[in-house]
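Colleague: Here are the chains, one letter per residue:
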Amino acid sequence: MEDCLAKKMEITVSEAEKRTGRNAMNIQETYTAYLIETRAVESQSDGQCAPVESLWRRYSEFELLRSYLSVTYPHIVVPPLPEKRADFVWHKLSADNMDPDFVERRRIGLENFLLRVASHPVLCQDKIFYSFLTQEGGWKEMVNETGFQLKADSRLKALNATFRVKNPDKRFTELKHYSDELQSVISHLLRVRARVADRLYGVYKVHGNYGRVFSEWSAIEKEMGDGLQSAGHHMDVYAASIDDILEEEEHYADQLKEYLFYAEALRAVCRKHELMQYDLEMAAQDLTSKKQQCEELATGTVRTFSLKGMTSKLFGQETPEQREAKIKVLEEQIQEGEEQLKSKNLEGRDFVKSAWADIERFKEQKNHDLKEALISYAVMQISMCKKGIQVWTNAKECFSKM
Amino acid sequence: AASTPKPLPSSGPKSLREMPHPLATSSSEEMGPALTPSPDLLLPRSIADKDLSLPNGTPVDTSSPASSSSLLNRLQLDDDLDVETRDLFVTVDDPKKHVCTMETYITYRVTTKTTRAEFDLPEYSVRRRYQDFDWLRNKLEESQPTHLIPPLPEKFVVKGVVDRFSEEFVETRRKALDKFLKRITDHPVLSFNEHFSVFLTAKDLNAYKKQGMALLSKMGESVKYVTGGYKLRSRPLEFAAIGDYLDTFSLKLGTIDRIAQRIIKEQLEYLVELREYGPVYSTWGGLEVELSEPLEGVSACIGNCCTALEELSEDMTEDFLPVLREYILYAESMKNVLKKRDQVQAEYEAKLEAVALKKEDRPKVPTDVEKCQDRVECFNADLKADMERWQNNKRQDFRQLLMGMADKNIQYYEKVCVT
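Chains as they are written, first to last, in our numbering: chain A, 4 to 405; chain B, 36 to 454.
Since the hints were derived computationally from the structure, they do not count as laboratory data. Only true hints are included.
Derived DSBU-like pairs: lysine-lysine, alpha-carbon spacing no greater than 30 Å straight-line:
1) A:Lys399 x B:Lys214
2) B:Lys370 x A:Lys225
3) B:Lys287 x A:Lys208
4) B:Lys287 x A:Lys225
5) B:Lys300 x A:Lys390
6) A:Lys389 x B:Lys300
7) A:Lys208 x B:Lys300
8) B:Lys374 x A:Lys225
9) B:Lys287 x A:Lys399
10) A:Lys130 x A:Lys10
11) A:Lys399 x B:Lys217
Please construct the entire structure, taking both the sequences and the accompanying hints into account.
Modeller: Have a look at this one:
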């Protein structure tokens, strides 16, 4: 991690701006652009801080970057982007993409994404990533020129592999299972949390009614008036405090969400393995059948039933020259096949090794991050309670002075 | 020796002594020296004795030495609710269910401890049911119409869903009945009411009740002001203000009651969600290795929060809401007293007019009425001050209760055990 980009460069997504422009189909649209600012950490030779460089990017460009990274580094668990649309909202938050709170949280999420990539030992060295941060114009073309889209595996192919693979590495199967469960449990958690937030909001807000009634009541009281009035004020404070509290909790929800999306990235790596394994198995199968064919031709025995065998029986056998030629072709193919198999095997093993290394790294990161998230959640709850104690203590004091 | 009871110059109900002593059957002690203090002190003074009054307007007879000590007692009762100077303690506890052929009902044990000389024994323990309390209250209202009688918990169960014999309901009622008797005990005049004494001491209250009924029809309990079609000319500002105050007061309390109920409802819905929330962390914990401990911890804490929240809601329902409702009832009965006062004044004004017309010198009746009115004013003011103090303390009490609950809730939160 010593030479990762994050150590050398400060990266922030500092602003978000609404823009209008014409898209590829020449239709007017509104979108949000984000300002990425970077600055070299080491000061320059004259002792001053390096200047801040900046450029604007929109969400779709981030998506493009991530696609590129996923395809180019299939053995890496690539950090996820913040959600495209607002999900798991509780009633106060809107699901509107243009809502300032949503945009703000997305800005933070995008910054987080960049920092994650920049801290990754492998990903941070990627040139395209570097250009994303530093080169405003022509970046899109650069990405497309890498031709990464061609390397991308088709969804169908991947699905097929998942079903048909015979001998995947057990660890990957387990990991896939784990990521499915993780996704399910975190979604459930986020959904319930949103409902809990909703209810808590209700409880706090109704207390605000106390404020009003106490105020009205204090108007008709003599000795009790002041006490009631000030207590009412505290009730109002209490009711208002929930907004900030829930705002903070959104941050916790976002941290969980990141890992929800990470589950998808994990699954992608597993799928890649299955694909490679399947490929390998198919290649091995192909080789075996070719070898068999060769053998059959050479010895003249037909071990397995084949249409070719039948037709040759029916329409006469081939000439020895023809057979020789066929055998030669097959032998060549077999040789090719064997080499391919060897390299595929090697590829497969390399993949498993490097993927598993990254997965271990990811696991550690996950445990660390989630532990911190839980701790900060607990701290948040404690602070919420302390505020509650404060308000009620104040109210109590007011009452005691009645 | 006080062998013959003194006839009483009062318009109130007959003295206790004129009736067969209820405890004569159970105790071998005869009425006698134990009951020497002036019986006058047990009953509201006659209207004629206006010159000797306590600062709060309660007339008093200082003819016998024993009466001065009672006088002191009463003064002290009024100003100082200190336990040491009180001479009458009443408690309501130990509810029991009785099943008879006709009905099933609950009785409560009413325990009295007293050093008052009016009582034969220092201690009494009787069983009473709600009906009996209701009877007592009616009697008090009849015999002391110018006073504010504390309210009873609601007679009928409002929502058909509530179980009359459930623990919570019985306990809430017991507390309210206890408070009712304690308030009477604390009252300088009401606590000396003979119906009250009988209530506290009689083994067979029903017998006394029946006798009371008979006497009623004969004597026609006085100070019962019927709506005799007297119209009020002008209500003194003071009382108009009190009337307005009570109206607004009831309104505000009603609103607070609704808000509190709404909060409890919201809290319960919150609780429902929390109950689902906690276990999800547990499930997640099952999935993880390193994180399982912290996740389980969070789950457990949420569970604790649920418990604490439940307790909070329960306490609010059992302690906070009934007090609100009680005060609303109190306000209602206060308004009734105000109405009576109005009628008294109206009667007085009418009679005054009649006198003016007749050109007769008949000070007696109007004077009666006037004095009555004055008494009402005094008592009203006095009791209002009482009520304020009560309210103040009560509020403090149950707000502290609420605070305590919130604290408990919060302390549970603080037990979050994430590393």
